[in-house]
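S.K.: Letter by letter, the chains look like this.
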Amino acid sequence: MRLGPFVLRRLAISIFVLFGLSILIFLIARIVPGDPARMALGPRAPVDVVERLRQQMHLDRPLLEQYGLWLWEVAHGNLGDSLVTRRPVKQDIREFFPATLELVGLTAIFIIVGGISLGVISARYANTWFDNVVRLFSYLGIVTPAFAWAVILMLLFGFVWHIFPTYGRLTEGVIPPVTITGMYTIDSLLNGRFDLFWDAFMHLILPAIALALPPMSQAARITRSSMADNQNKDCIASMIAYGVPNRVVTGKYLLKPSLISPITVMALDIAATFGYAFMVEKIFGFPGLARYGIQVMLNKDVNAIVGVVMVLGVVFITLNIVVDIIVAYLDPRIRLLGRNV
Amino acid sequence: MKNLKSLLYLIILVALLAIPVIGITAASAAEHNPESIVRWCEDWPTYIDPAVGTDFSDTMAIVQLYDTLIFPNLDGSVRPHVAEKWDISDDFLTYTFYLRKGVKFHNGDELTAEDVVFSTERLFDIGEGFAYILQTKDAQGKIIAGIESVKAIDDYTVEFKLARPFGPFVPALVRLYILNKSQVMKNIDKSNAMYGEMGDYGKKWLLTNDAGSGPYKVKEMKMEESLLGEKFDDYWDGWEEGAPDFFKEFAFPGEVAIRTMMKNQELEITSETLPMEAYAALREIPGVETIAYLSTHNLQIMLNTRVPPTDDIHFRKALSWAMDYDVVVNDIWPYYVQSVGPVPQTLPGHNKDVLQYSYNLEKAKEEMAKSAYAGKENIPFTLSWCAEVPDEEKVALLFQVNAAEIGIDVEIFKKPFGLMIDDAQTVKTTPNGSVVYVAAHYNEAGSMLDTRYHSKSQGTWEQCEWLGSPNIDTAIEVALATVDEDERFKEYAEIQNTLVDLAPTIWLADQALEFGYQADYLVWPLAERVKAGKSSSPPMGYSFYVRDMKILVEKKAELLKK
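Sequence lines, in order, name chains F and X. Residue numbering for the first sequence follows our numbering, starting at 1 and increasing by one per position. Residue numbering for the second sequence follows our numbering, starting at 1 and increasing by one per position.
Just chain X, same shape as in the assembly (with noise of 0.2 angstroms):
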């Protein structure tokens, strides 16, 4: 009886002391502050399923909703994130993940390898979003690269085999988000039969809400508006202090809207995609700083090898050294810096030692007596700039005016970027050169050498070069299944020199991308890592990674009281 009333004491207790920590705990949810909080624009509408969206404004979003196996770092590098450590077989074809125990979704449920299945073979089944780096199918459907297979071998530990070895599988794998399986299947749309009997795999419902483990989850979606995400308390990986409670993502307002949200206080980045003059007028208002990094895209010229007269390889490389590069990286946009090879140098396997062409008449002069169009003026030459990137323009005006003085006559076409990727599709219709932006898919010079100069990508606007050679193709496919890094990098580097010295591409310039931002009151690694001059390459959409910012709630306050 005494040890009865001794426990009852006890629970009393217990429950006394359990009613201020559950107090706290449910008041910590609730009391997310509204200040603390990340706001930036970008362009419209986002897709924040993972196996719909790729583009900046889809990946800022969605890292911050959903987990991968591994995470990126700001350098580039990979480090393990929900999959503690892997193996791999002798024969580089199978990976085992092993998960780490006790991460939560957003609904309390637990993150199994069954919910890394589902999401691999969702993004499988719809083939859109990301699909293309980890699994390549051939004309018949046969998978021939990436992914074969993935199936669980027990709740923490996950088995992909692959068609083949692929070196950069890994860094890959952060481009594979996690989707709640349980609630995903709970939120399929029957009615629509698009995946036989996955109905519509639940892309009407992850429309607008996230089904992720992710430091952030979905307060409020709005297609065509915003984003609203909220701070995820029960994260696995826990929160330091200052983090901010919220994030808001939505659609680009104009230039003007943007200096006067963040002399206001409303916005706390700014978009990328601002003229010069804005940035300087940013730079004015008190508190806000602007950065610069280069990203993992290049601007470049492509040149459709196999039509008149760029199939001269000499007038190829007349072309090269006739462009005035300086102007590009001085004049045109001045945090750019002039391209080194077919490959970004923020890249892991660029190779540096390549040979950088330079605006040289003499030179250029030297190789057009070279080709078959010796001693010829006016020589016809189509070039198409993209109508949504206005920029562009004084690039395709530049070049005219260089080819010009080596005897090309340049016809400008401006075309939207629809049109340019139907002329893509035949050697024929694909211009002589071709103005365009071209992204890294994942953090290796491979990707780039991949998508831009293998034959499979031919007739796609990432290759209007129609390159079409069967010893780069093979070189490629030789170095991106190749595990040794090094060896890798090596191959990697041996590419490159053979691009260069075909000169398919003029490689204009690497991109920057430039932001303005609240300095006086956030805290951004991305910035601090820029500001002291290290270099950042993080994949897109993780260098908006908000759970590692940090807001300085009563400074902003004081700010906003002057």
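Bound-form chain F, shown alone (with noise of 0.2 angstroms):
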């Protein structure tokens, strides 16, 4: 497989949606009701005041110009400044995204593991009790959102039974590691605090199952139907026939293709958390980008929110590459397809 020439195809694909992407959400920002200066002042600050602020942010000029002049800064690794945080958008992000990835990390790990593992475990024993119990906890996992998850959560294994902490990225008083990626878990391993990685670690459980489990279980969904497929198609029953042991046969000839549309879902799935995780990081108290993000759209934060929804375009794209070479590799027709052409 030819993968540098398709990754470097998409990347060039990628830069174009991404512009387009920073075109729509600046003028959207932009154009809502509300001067974003007067909201960040308050409504008795001075109109001299408001309209310093305004001018700085060049507010006052037309939506084209005002376009070039966020480009050229942006060229030039400059987004702005919050009005929420009155600070550069480039110190929130990097504060706060490593706070939502590390958290998105685990979630994706139970995402990825959890529902492959009850989907091929369920088509395994398809129409058992087990598989009844599997669909049936799938079935209330989808329909439960994560926020409600995470009220359960939070009421079962904080408020009854105090087994895990509820807020914030680490206990009280417990100083972070020494910043190296910002995340707790794999900076307090870099430090050899053992310590504080399981202090983060804790931390970050509940938000994560909260956020996995409507994934999960949708992904737990589709591996079984995806596996069940599979399973009656000549070619197994060919080696089953031939004698091939069921192990080989599961993990080798029927997982591989039967992943394909849950790997593609999951992935979507997975990069979609980095932005409704607001309400689940908000419950916990996670200073994440997600409640960031929210955050700086009530208050109408102009650079804050195309600055957010930027690097979520990029998550989104990212992710979606990794989906398709991925897929390649598990399905060599769309390999061979992209060899043709």
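Hints are computed from structural coordinates only; laboratory data are not their basis. Quick caveat: nothing in here was measured; it's all calculated off a predicted structure. Think of the CB as a built atom: it goes at the ideal place given N, C-alpha and C, for glycine as much as any other residue. Treat the hints with caution; some may be incorrect.
Claimed, not checked - Computed cross-link-like contacts, PhoX-like style, restricted to lysine-lysine with a CA-CA straight-line distance of at most 25 angstroms: (1) X:K531 <-> X:K352; (2) X:K556 <-> X:K263; (3) X:K415 <-> X:K394; (4) F:K90 <-> X:K204; (5) F:K90 <-> X:K190; (6) X:K248 <-> X:K556; (7) X:K222 <-> F:K90.
What the hints assert, rightly or not - Derived DEER-like restraints, expressed as beta-carbon distance ranges: (8) X:E388 <-> F:L71: 31 to 37 angstroms; (9) F:I175 <-> X:K142: 48 to 54 angstroms; (10) X:E220 <-> F:L71: 33 to 39 angstroms; (11) X:M194 <-> F:L11: 35 to 41 angstroms; (12) X:E388 <-> F:G77: 30 to 36 angstroms; (13) F:P33 <-> X:D311: 24 to 30 angstroms; (14) X:A369 <-> F:I28: 47 to 53 angstroms; (15) F:I334 <-> X:E220: 49 to 55 angstroms; (16) F:I28 <-> X:K142: 39 to 45 angstroms; (17) X:E277 <-> F:I28: 35 to 41 angstroms; (18) F:I28 <-> X:E362: 48 to 54 angstroms; (19) F:L27 <-> X:V553: 54 to 60 angstroms; (20) X:N107 <-> F:V17: 49 to 55 angstroms.
Dock chain one against chain two, each of which comes alone in its own frame, and use the hints as you go.
M.R.: Shown next as structure tokens:
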């Protein structure tokens, strides 16, 4: 498989997608009602002070000129200042994105491991009591939103049984590890602080489970049905007839093609988690990018809105490219099609 | 030689005696108990720069970090603080404050008059925060009210000159927080020329640091997450036994998290924005109690007096009589009380004898009959309520039902506050009715009257009435310029009577703030006052003045073991 040209082509397309996204979100952020400068300074700030901020943010210029100036600043690595935190958006993203990345990382592990395992076992024991339990659990998981799971988990494991911490990224008073990646679990390991790692990890468990349950349930359902479809194919029956061990049939010949659909769905779900994690982050007092994103949107913090959406855009595109590569690896037809093209 | 030997012995003795003393001092500074902490949650982010912050969340933090010349008591009166005393000139235009000696900033510098001058000038140059309370400019930038100039007479004397007499000037000074000039100047970002040679005026540094002399200093400020303050051991006014070593303010996490944290003793005081059911649930937690007290805010429906049909005084009065106030204060918010006129009842200068409208359909119909809309059916009326305050919808729906009883067809609009601000900018875009909470900026009736009904606030969300009455404007100006308090309050009372007669607003209810707190191990002066049945109306933020609280650490440890 010639991955290089494939990835390069996708990257080139991605630049255009990001460019289009930047125009769209830049315009939307600015044309929705409400004066960002007035909202930032409060209703009682004098007109001249509001006007000074509007000029500083170039809000007094035509939209096209504003976009040009913004693009120029972005080219110089500057996303502007946030009206909410009153510091560079770049700094905010650098601080909040690793927190969400860490949370979504663990969520992704739960989704992939839990979703595929449950799906495979369910398919293997199709129409047994175990399969029925998993199906019931999956339906419950799909129809219950992540924030509801967050509340349920917090009540059970924080309020009734105080097993897990329920607020923030670390226990109060604990000094965070020296910043390397911004992800506390990784940084504490890199600093050799296993106590900190455990503390940070425990803070991630409940929000990650809450976020993982709906997409994990969906992944389990899709994996199961995909496995069930492939199970009935002649090639699988032939292999079983030739005496190929069940373990090999399931692991190598059945699972691999069955994973194409679940992986695509899981990847999109994981990417979407960056955006919709805001309720869970808020409930658990987790200072991540999703919570920040909602706050800046409610405050019409134009620079921060564009910054957050662009980051999420990059995440979506990256995950899509990764999924394409994985799918191409799993399905030879896609690889060959790519070569012919 | 013998003397020298004696001196040497003396020095050694003093040194030996000093070691444990130094040791104790150093140890006491280092040995702040992490369990001796008061934690609460609020709207976030919090701006701790006194020239920027204005809301509840900001002021709760700022009052811990910075000192003021005078200090508000819980009953709404004020007392000397950093200023020991003050003189007022015969023309009431010059106020001279004499500062206390030995007041130290957190970095050890002494607070002087120069710091007061710098803090005042910085506040006005930036123009944000509470600048609007202490200085008013006209459209040309000329100072027309409030502080015109400030200067240091000597290290401990500072003089303010006012543009015109301002009766409530001293109470308004609770919003002038004093910063350490030299410390701020050292942390100015010159690369940002927003304020000319002052660069960014230290705004960036003061986002996460303090330059104050207050009882607590910033230990850690995480933007978008939390503020941890630590006791300032050298605070000039000393410390009482049991005063908390730390305070922590953090972002509101949601109702379930608050309940969980209260149960696990990870939170001492809740937010005031929980639904009724949440307070009931909190009371079920052992050791947790709730208190509610009337604030200096009230909830109103502002009526646009320049557009039909609310341009008709009888129409407005009909609406005032048609509103079912009991439902608002009994069913929607049980701790609220019906407003008595335009000024909240907790504010000094409130007129308790003013006419109070009540739900009376007969009178409403009588007024409708006198209006230009008599006999008409389905009279169109537009009403906006603020999307960020979901409970306002209940008021809007109640108003719709009540108004229908006298033939008015109310169309309701849910609008983000930003949009309501935009709408309020012109007469045409301002709806007939706007459901809005309004707060006094300083503890006097004059604050509410000035910002709500003086023509200068037309075009802002604080006056959707577009009253534009020269008589009211003059009356407010005269009252605010009256230095004698009794006289001033009489004038406020008269203005309140006039306003009630004009009915530009439906004054629904005075807001009550309700909090849950750890009554078993937190001694909270405000809660004690409320439980004793005394009225409390400290300016915004001062109800959380941590220095006056006490944490019973041993009791807390006992509770944690259970």
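S.K.: Now, for every hint given, state plainly whether the structure supports it.
M.R.: Hint-by-hint comparison with the structure:
For a cut-off of 25 angstroms, the pair hint linking K531 of chain X to K352 of chain X stands: about 23 angstroms separates their Cα positions. Annotation: proposed proximity of K556 of chain X to K263 of chain X holds, straight-line Cα distance about 12 angstroms (limit 25 angstroms). Annotation: proposed proximity of K415 of chain X to K394 of chain X holds, straight-line Cα distance about 14 angstroms (limit 25 angstroms). For the suggested pair K90 of chain F and K204 of chain X, the alpha carbons sit about 15 angstroms apart, so the restraint of at most 25 angstroms is met.
A C-alpha spacing of about 20 angstroms is found between K90 of chain F and K190 of chain X, which places the hinted pair at or below 25 angstroms, so the restraint holds. Pair hint K248 of chain X plus K556 of chain X holds up; C-alpha atoms about 17 angstroms apart against a cutoff of 25 angstroms. Taken as a hint, the K222 of chain X and K90 of chain F pair is honoured in the structure, with Cα atoms around 16 angstroms apart against an allowance of 25 angstroms. Separated by about 33 angstroms at the C-beta atoms, E388 of chain X and L71 of chain F satisfy the suggested range of 31 to 37 angstroms.
In this structure the hint that I175 of chain F and K142 of chain X lie 48 to 54 angstroms apart at CB holds, the actual value being about 52 angstroms. E220 of chain X and L71 of chain F have their C-beta atoms about 37 angstroms apart, which keeps the hinted 33 to 39 angstroms range intact. Distance hint check for M194 of chain X and L11 of chain F: the Cβ-Cβ separation is about 39 angstroms, which falls inside the suggested range of 35 to 41 angstroms. Taking 30 to 36 angstroms as the suggested C-beta distance range, the pair E388 of chain X and G77 of chain F conforms, at roughly 35 angstroms.
With their beta carbons about 26 angstroms apart, P33 of chain F and D311 of chain X fall inside the hinted range of 24 to 30 angstroms. Checking the proposed 47 to 53 angstroms range against A369 of chain X and I28 of chain F shows it holds: the Cβ atoms sit about 50 angstroms from each other. Here the CB-CB span from I334 of chain F to E220 of chain X is close to 51 angstroms, well matched to the stated 49 to 55 angstroms. Range check, I28 of chain F to K142 of chain X: about 40 angstroms between beta-carbon atoms, so the 39 to 45 angstroms window is met.
Roughly 37 angstroms separates the CB atoms of E277 of chain X and I28 of chain F, a value that falls within the hinted 35 to 41 angstroms. One distance hint, 48 to 54 angstroms for the beta-carbon pair I28 of chain F and E362 of chain X, holds here, with the actual separation near 52 angstroms. The given range of 54 to 60 angstroms is respected by L27 of chain F and V553 of chain X, whose C-beta atoms sit roughly 56 angstroms from each other. Separation of N107 of chain X from V17 of chain F is about 51 angstroms and conforms to the stated range, judged on CB atoms against 49 to 55 angstroms.
Comparing the model with each earlier hint shows no violations; every hint is respected.
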